[in-house]
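Colleague: For reference, the chains in residue letters:
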Amino acid sequence: MIQLSNVEKSFATRAGQTFVLRRIGLTIEAGEFVTIMGPSGAGKSTLLSILGLLDHDWAGEFRLFEHEVHRMKPRERSDLNKKYVGFVFQQYHLLDNLTVAENLDIPLSYRNVKGSERAAIVADTLDRFQIVGKKDLFPNQLSGGQQQLVGVARALIAKPKLLLADEPTGNLHSDQGREIMRLFKKLNGEGMTIVQVTHSEENATYGNRIVRLRDGWIVND
Amino acid sequence: MNAFLQDLRYALRGLRRNPAFAAAAIATLALGIGANAAIFALVDRVLIRALPVRDPGRLVLLRSPGPRQGQAWSDGDGAASFSYPAYRELRDRNTVLDGLLATYPFDASVAAGGRTERAAGDLVSGNYFAVLGVGSAAGRVLSPSDDSAPGAHPVAVLSYGYWTRRFGGSKAVLGEAISVNGTPLTVVGVAAPLFDGVQAGRRPDVYVPITMKAAMTPRWDALDDPKNYWVQLIGRLKPGVSPSEASASLTAVYRPLLGDVLPTINNWNAQQKREFLARRIELRRGAGGRAVLRDSLGTPLLALMGMVGAVLLIACTNLAGLLAARAVSRQREYGIRVALGASPGRLVRQSLVECLAFSVLGGALGLALSAWVLQALLSLFPPDADLRMVSAAIDLRVVAFAAALALVAGALFGAGPALRVSRLDPFRVLRGRSSAGREALHLRTGLVTAQVALTLVLLVAAGLFARSLGNLLQVSLGFRPSGVVAFSISPDLAGYSSEDTTRLGHRLIDELTRLPGSESASAAAVPNMANSNWTNNFYAAQSPTDVVETWRNFVAPTYFATLGIPLLAGRDFREEDDEHAARVAIVNETFARRFFPGHSPIGERIGIGVTAEAAAIEIVGVVADSKGATVGEPAHPFAYHPYAQAFAQDKLGALTFYVRSTAPPASVLAAAQQAVARLDPRIPVYDTATLASRVHDSLLTDRLTFLLSCAFGALAAALAAVGIYGVLAFSVAQRRRDIGVRMALGADPRRVRRMVLGEVGRMLLVGGLIGLPVAWAVAKAIESILFGVHAADASVFVAGTLLMAGVAMLAGYLPARRAARIDPIETLRSE
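Line by line, the protein sequences are chains A and B.
The numbers in the working numbering rise by one with no breaks, and the one at position 169 of the first sequence is 820.
The numbers in the working numbering rise by one with no breaks, and the one at position 733 of the second sequence is 782.
Okay, chain A solo, but in the shape it has when bound (with noise of 0.2 angstroms):
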């Protein structure tokens, strides 16, 4: 599903090129459950963004699918995002002018589903995970854990086929996030490709691969 070659990640300092990521050659299957760990810089956020093709600015080779990303222009691998790829954040970055139901409803509407679809869309996605009471409220409203539901929720709206998760129980006390993980668990049971990034050993045990890195290279997989 996944297969990079040799990625690097560099930008120009004065003192020279300086690396964010060396020689990166990773091979993720279909339904697994990859957990990226390492200390802070080691390019763990760096290789998830790369992997969520947010991030144009890297040289080697990197398949996704049958698709080559490599030799893509950043507009069609935008395309592949929005195609296979759902993003839960730390932060979990939800809209504050938008409500729950407008949240889930955005990555709708920047793939062009028709008004009368994407209603049905949100409407099951909000009773899957049970937020329907919570549906008008905005999310200054929600506790933390109810808003990482609903990053969630808006992540796998689109059906993605690959979840990607940087860090997504960060902000969340521990039963808070023991129950996303366990939805991400129980989600990887259905079929869903995941890969998360965490400081957190406990979070990894959830999953069944550790990739570890640490100044750029990979060290343990």
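Note that these hints are calculated values from the structure, not bench results.
Hints should not be assumed to be uniformly reliable.
Unchecked claim - Cβ-to-Cβ under 10 angstroms is the rule here; a few derived chain B residues that face chain A: (1) A52; (2) P393; (3) L479; (4) A515; (5) G519; (6) L522; (7) Q523.
Cβ atoms here follow ideal geometry from the backbone N, Cα and C, with glycine treated the same way.
Following the hints, put chain B in place on chain A, whose structure we already have.
Modeller: Same frame as chain A, but now just chain B:
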């Protein structure tokens, strides 16, 4: 569409959630758009709008500049007046026009239904309506057969407005006779509803065949006089004929006519004759009709439009700055949207939709505001002022202009944030590593520098207009307007001859002199401070070929005493200076200096070039120079004649009376009206005013330009101050840590303040380097409408620059003080 509505809904919600920001942005836009729409309503009516006639783009105005001799009437461009015989020849012999019409405006006294009132009349050629392609709302319009012979067709066509106003839109008036200037005319029709004549600012009530001239302007016929220049000509180009081709062809027809006139011209040297014969016909675009108002108000209106446009531009840069700052705080939101799949185009659209929401709301509010601004502007003018007669209103065209302006403004201030959104790096943003704050600061600094430049231009322009008005207010009028009331009557329209008019004048002056509080009373043919004049070519007996265009007036005895014009030598006119006595004149100082340098002109003889008669007029007095038509006019050679000696070609028509009195003006005017009614109840009194108010009104355009330019300058300065404050406050907030570190390292508050104000200094320097040359170019463009001020008036440029610097430093002081009060320990701890 669905997605657009969704974006719009979210945008409106965003406005509701930031009411202070939304209110400030919408109010700024509304002010800018409102002022622009109001000025545009005037510009459109005066300068842009085409006549509501068939294919107005093919209409051309004819003019023929160059020397000429004879009598001329004009209401602005003297070269646009032709003789009626010349008109007939040009109409009949040209091959380049589909038609050539003639028109002449006249004051009408209309009696109908037992009531007499003053109205605006147009003498028009029979083909007038056909050439314009204007039909009738009722009955018929005039046709070429209506001007076939002098006095043969006493008919009239009413304007639609006059028909509905005066006759209630009743068709019963068709076929009925109304009395116009004492002559019964049969109403044959009513012109089409939207048609208001061919001159912006003048709405004729009644159209009369031009061959009825003798009846409409008693004692001034001129239909057969080739040296009497009074008709205004508008032609319709044949399809495919260019204006330059038409000009050449019409000149070829016109020059032989000049050759026919030449033998009747007196006292001209060979050079003058050559120039006369070389006169050509020039064509001006005539789609907007006659250019009287366009010529007099065009430059001030365009200057004001430019200024108010600059204010809007400054408002837009302010909004762009505000939105740039807001966009920084929304970076996270945009980053999330990209991560959720939003394409750059979609984000740009959303950003523009938000700006559109501001634009639409600001535009709508601005439009409402513009109606009020326009009303307030027009109320500054007297009810009969040309500018009020153009019927400027907030109509569909103004709405379209405001809408376009709002959209352009929206695109202008929305472009920056939208562009930045399209270049967003979501990965950096979501991890809090965006450099957008720094970029926004650079953008805002650039915008504010542009604001400083534009504001400087407006302040300099306002300063120039202020200097100009100041100079006008300091002009010595040469007469004392305070305590003088004036009013006019037109005895000629009631059938009076010149001699009858003089007798009536004597009796009325007697009555006015006896009014309580009256110190003196007099009368003159040409009203003072009414932007009108009467000129002829004069010469002195000893040098008949030295002909000088001289202003004239026919005045009653005690005219100079009543107006307060000092008599410097000789004597005033007496009642005995009548048609039986020797012809006499009193001249002004400029006349005396021009014709008789170095010695007294008393007893010298002068003549009028046009009459070929001997220099038979004896100078009996010299008065000080005084202003005649306008405050800003230069000193002209001026010859005054006793009004009892107005005969031959110099016939008296209307008279303006002046009363110097200690009584309240209203009571003097009421008593004067009663006196006129006692002498002849058929004669209406009009143009009643104090002389001081006439002086005031004659400066109205200058006052308005000054007032508006100062208002726009102040608004621009206020907006620039807000912009500077915003940028510096943003800069200080962005650099809080940096400033904290500097203070921890030993920078004292004064140094921090200086550092912040140094940014203001840089903006001022760059803004000044851009703004001052632009201001100079603008000053050159408006120099022609300034009085006694040069474009490169250093004092105005220095004052404008100092004012801008003062405003900028004041605006920068608060953020500088805030920066100087940053607590380094607290700042660094919070980091």
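Colleague: Indicate, hint by hint, whether the structure satisfies it.
Modeller: Here is how each hint holds up against the structure:
no., hint, in the structure
1, A52, "holds, 6 angstroms"
2, P393, "holds, 8 angstroms"
3, L479, "holds, 7 angstroms"
4, A515, "violated, 48 angstroms"
5, G519, "violated, 54 angstroms"
6, L522, "violated, 56 angstroms"
7, Q523, "violated, 60 angstroms"
Checked against the numbered hints given earlier, this structure breaks hints 4, 5, 6, 7; the rest are met.
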